[in-house]
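S.K.: Here the protein sequences line up with chains G and S, keeping their order.
What the first sequence shows, in the working numbering, is residues 2 to 72, in sequence order.
What the second sequence shows, in the working numbering, is residues 240 to 745, in sequence order.
No lab work stands behind these hints: they were computed from the structure.
The structure displayed is predicted, hence computed values, not measured ones.
Check the hints yourself; a few may be wrong.
[Unchecked claim] Just some of the chain G residues that point at chain S, by a computed CB distance under 8 Å: (1) ALA22; (2) GLU31; (3) ASP53; (4) VAL60.
[Stated by the list, open to error] Here are the in silico distance ranges between beta carbons for each label pair: (5) G:LEU50 <-> S:ALA727: 37 to 45 Å; (6) G:ASP24 <-> S:PHE477: 35 to 43 Å; (7) G:ASP53 <-> S:HIS323: 22 to 30 Å; (8) S:PHE327 <-> G:ALA22: 36 to 44 Å; (9) G:LYS67 <-> S:PHE423: 39 to 47 Å; (10) G:THR7 <-> S:GLU474: 42 to 50 Å; (11) S:HIS323 <-> G:LYS67: 30 to 38 Å; (12) G:ASP24 <-> S:PHE423: 15 to 23 Å; (13) G:THR7 <-> S:PHE477: 13 to 21 Å; (14) S:ASP347 <-> G:LYS67: 24 to 32 Å; (15) S:ALA398 <-> G:SER68: 32 to 40 Å.
[What the hints assert, rightly or not] Covered by chain S, per the in silico footprint, the following chain G stretches (three or more residues, Cβ under 8 Å): (16) 6-19; (17) 66-72.
Glycine included, C-beta positions come from ideal geometry on N, C-alpha and C.
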Amino acid sequence: MTIKGTVVFEDLSGGVWVLAADDGNRYQMEGGDKKLLKDGQRATVSGELASDSMGIGMVGEILRVKSYVLG
Amino acid sequence: MDRIEVARVDPGRVTEVLEALRGDPRVEQAEPNHVYHALYEPNDPRFKEQWHLQKIRASDAWDVTIGKGVTVAVIDTGVAYEKHRDFFQVEDLAGCSFAKGFNFLTSDPHGNDDHGHGTHVAGTIAQATNNKIGVAGVAYGCTIMPLKVLSSQGSGTVAHIAQAIRYAADNNAKVINMSLGGPFPSRVMEQACTYAKSKGVLIVCAAGNERRDRVSYPAAYEACVAVSATGPTDELAFYSNYGDKVAIAAPGGDKRFGEAGGVLQNSINPADRTQQGYFSWQGTSMAAPHVAGAAALVMSLGVAKPDKVLQILQSSARKKDDKRRFGAGILDCYAAVKKAKSACGWWRLALALVMAFLAVRWAGSSVRRPLWPSAGFFVCLVIGSSGLFFLPQLGLSWLPLSDTLSTGFPQWDVACLGVERHASPVFYSVAIPLVLAILFMGSAWRRQLLAGFSVGVGAHLAHAALFALGDAQGSLGQNVIWLLANSALCLLLGRVLLKSLARDAR
Numbered sequence: 002m003t004i005k006g007t008v009v010f011e012d013l014s015g016g017v018w019v020l021a022a023d024d025g026n027r028y029q030m031e032g033g034d035k036k037l038l039k040d041g042q043r044a045t046v047s048g049e050l051a052s053d054s055m056g057i058g059m060v061g062e063i064l065r066v067k068s069y070v071l072g
Numbered sequence: 240m241d242r243i244e245v246a247r248v249d250p251g252r253v254t255e256v257l258e259a260l261r262g263d264p265r266v267e268q269a270e271p272n273h274v275y276h277a278l279y280e281p282n283d284p285r286f287k288e289q290w291h292l293q294k295i296r297a298s299d300a301w302d303v304t305i306g307k308g309v310t311v312a313v314i315d316t317g318v319a320y321e322k323h324r325d326f327f328q329v330e331d332l333a334g335c336s337f338a339k340g341f342n343f344l345t346s347d348p349h350g351n352d353d354h355g356h357g358t359h360v361a362g363t364i365a366q367a368t369n370n371k372i373g374v375a376g377v378a379y380g381c382t383i384m385p386l387k388v389l390s391s392q393g394s395g396t397v398a399h400i401a402q403a404i405r406y407a408a409d410n411n412a413k414v415i416n417m418s419l420g421g422p423f424p425s426r427v428m429e430q431a432c433t434y435a436k437s438k439g440v441l442i443v444c445a446a447g448n449e450r451r452d453r454v455s456y457p458a459a460y461e462a463c464v465a466v467s468a469t470g471p472t473d474e475l476a477f478y479s480n481y482g483d484k485v486a487i488a489a490p491g492g493d494k495r496f497g498e499a500g501g502v503l504q505n506s507i508n509p510a511d512r513t514q515q516g517y518f519s520w521q522g523t524s525m526a527a528p529h530v531a532g533a534a535a536l537v538m539s540l541g542v543a544k545p546d547k548v549l550q551i552l553q554s555s556a557r558k559k560d561d562k563r564r565f566g567a568g569i570l571d572c573y574a575a576v577k578k579a580k581s582a583c584g585w586w587r588l589a590l591a592l593v594m595a596f597l598a599v600r601w602a603g604s605s606v607r608r609p610l611w612p613s614a615g616f617f618v619c620l621v622i623g624s625s626g627l628f629f630l631p632q633l634g635l636s637w638l639p640l641s642d643t644l645s646t647g648f649p650q651w652d653v654a655c656l657g658v659e660r661h662a663s664p665v666f667y668s669v670a671i672p673l674v675l676a677i678l679f680m681g682s683a684w685r686r687q688l689l690a691g692f693s694v695g696v697g698a699h700l701a702h703a704a705l706f707a708l709g710d711a712q713g714s715l716g717q718n719v720i721w722l723l724a725n726s727a728l729c730l731l732l733g734r735v736l737l738k739s740l741a742r743d744a745r
């Protein structure tokens with residue numbers, strides 16, 4: 002799936018990378034490189050929802066990043 | 240001439256006496272002389288910043304127990320607990336007790352931390368306390384089992400998490416802390432939780448940080464205890480989930496009140512894992528380990544059934560009106576351990592008196608003269624069964640060895656043999672009363688003491704079998720059949736000793 006939103010470094014649990022989607026959903030990010038993982042970065046991220054995973058963020062589902070387009 | 244006087248005043252009259260003193264023109268200054276028990280305020284320099292430990296009255300609880308003998312499994316990103324390759328032990332975990340753990344990502348026994356989350360969580364549970372450095376932890380005498388299932392980014396598969404839950408249950412962990420979760424259930428994980436609970440493990444989980452009326456999984460499972468997070472003003476933290484499934488609330492931090500509003504523990508820096516520091520973090524992740532530590536404190540006093548532990552934690556929590564946000568209320572460690580100690584102590588003493596009655600009747604039934612147990616018999620009965628469990632309530636916990644004296648004799652195994660050997664089959668049997676009886680049965684008054692001691696130990700074992708350890712599997716000393724058989728032998732030994740007294744008295 003493809004999600005458009007803002008990458009946020011959420012101050013929860015010591016720090017988790019979250020994609021705050023424009024539709025209001027929030028996802029804990031798994032994967033992604035230094036160019037994407039920047040606090041405040043706008044991006045359209047393609048990936049899959051890791052329904053078999055759990056994480057420390059507990060802000061929503063976990064999004065396994067496959068590719069992205071910045072901006 | 241300047242003089243400083245210290246006066247002993249009845250606690251209820253302090254204000255009255257202070258006013259009278261201050262009104263006296265000869266008195267320059269009068270104030271209460273706060274006596275700090277060595278453990279009431281630990282010497283950790285940054286303890287004063289840990290508002291979250293003060294909220295749950297942890298330092299008062301340490302007057303009763305520090306959690307020795309209980310293993311808490313931390314299923315997380317790992318723990319910075321040892322020097323291994325590039326990993327190191329953070330300074331304020333030095334001296335803590337660790338059980339063999341496992342790294343499920345690399346399949347080896349090194350559950351080291353490459354994020355920081357797991358170490359911070361472990362710190363809340365068991366940070367080295369009163370060691371003159373850093374900060375403190377809720378149950379600093381307990382044993383931490385580091386189980387790494389989450390990656391350096393803080394996520395992991397339900398398969399690994401389920402394996403870790405089973406590993407913990409199969410390796411004698413009594414509490415599991417899972418500061419992790421997701422919005423959807425997993426049958427595999429649910430079954431692992433049910434299995435662990437059936438083996439006597441209390442599973443404490445974070446309620447989740449979605450700010451909504453829905454508790455995350457695994458916290459929402461029947462077998463798990465869901466913990467919501469409060470901040471420095473005892474209100475629900477802005478990020479915390481809530482709902483029907485919340486069992487209890489505990490401090491998780493709320494940095495809307497500033498950096499100091501978080502939970503402060505020693506960990507590695509997630510931005511630079513070669514560095515360690517003291518970090519103030521917030522999250523239901525930080526709330527859950529306060530409850531896990533409290534559970535360890537309660538279990539160390541002899542309460543082993545998870546449902547009973549939860550009942551004690553919930554019934555002693557600080558009540559808040561909103562059950563959906565706070566569950567039974569905000570965690571109160573001191574109230575919880577007092578309740579646990581009292582409950583176990585009274586049960587053991589009651590059993591001891593019943594068994595003493597049986598022993599005396601049984602011994603006396605075959606002789607014509609009535610048999611009266613001496614005062615010494617009863618003193619040893621108490622030592623063997625419940626110990627002087629009321630010492631803290633009488634304000635006498637400053638006495639040397641009070642921690643040991645205030646539990647029944649079999650529980651002295653932790654003090655004598657160390658944490659790892661708790662529920663030792665030597666202490667949890669008729670062995671020691673028998674050896675003592677053989678060595679010292681020379682005179683009549685000694686046989687009274689030995690009889691009381693033997694029956695007392697028998698009562699402690701019967702309590703362990705019936706109410707506490709009976710459900711948990713583990714060493715021989717925790718086996719129900721072993722405990723009941725030895726309890727019966729202790730009663731028999733008591734009877735034999737008393738009967739020999741009645742016979743000799745004729």
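S.K.: The structure should be examined with respect to each hint, and the outcome stated for every one.
M.R.: Status of the hints after comparison with the structure:
1. ALA22: At about 13 Å, which exceeds the 8 Å cut-off, the nearest Cβ of chain S leaves the hint on ALA22 of chain G violated.
2. GLU31: Holds, because the Cβ-Cβ distance from GLU31 of chain G to chain S comes to roughly 5 Å (cut-off 8 Å).
3. ASP53: ASP53 of chain G check passes; min Cβ-Cβ to chain S is 5 Å, inside 8 Å.
4. VAL60: holds (5 Å)
5. G:LEU50 <-> S:ALA727: 37 to 45 Å: violated (59 Å)
6. G:ASP24 <-> S:PHE477: 35 to 43 Å: violated (21 Å)
7. G:ASP53 <-> S:HIS323: 22 to 30 Å: Distance hint for ASP53 of chain G, HIS323 of chain S holds at roughly 29 Å.
8. S:PHE327 <-> G:ALA22: 36 to 44 Å: holds (38 Å)
9. G:LYS67 <-> S:PHE423: 39 to 47 Å: Hint violated: Cβ distance 21 Å, outside 39 to 47 Å.
10. G:THR7 <-> S:GLU474: 42 to 50 Å: violated (28 Å)
11. S:HIS323 <-> G:LYS67: 30 to 38 Å: For HIS323 of chain S and LYS67 of chain G the Cβ distance comes to about 33 Å; the hint holds.
12. G:ASP24 <-> S:PHE423: 15 to 23 Å: holds (18 Å)
13. G:THR7 <-> S:PHE477: 13 to 21 Å: holds (19 Å)
14. S:ASP347 <-> G:LYS67: 24 to 32 Å: holds (29 Å)
15. S:ALA398 <-> G:SER68: 32 to 40 Å: violated (26 Å)
16. 6-19: holds (count 7)
17. 66-72: violated (count 0)
Checked against the numbered hints listed earlier, the structure breaks hints 1, 5, 6, 9, 10, 15, 17; every other hint is satisfied.
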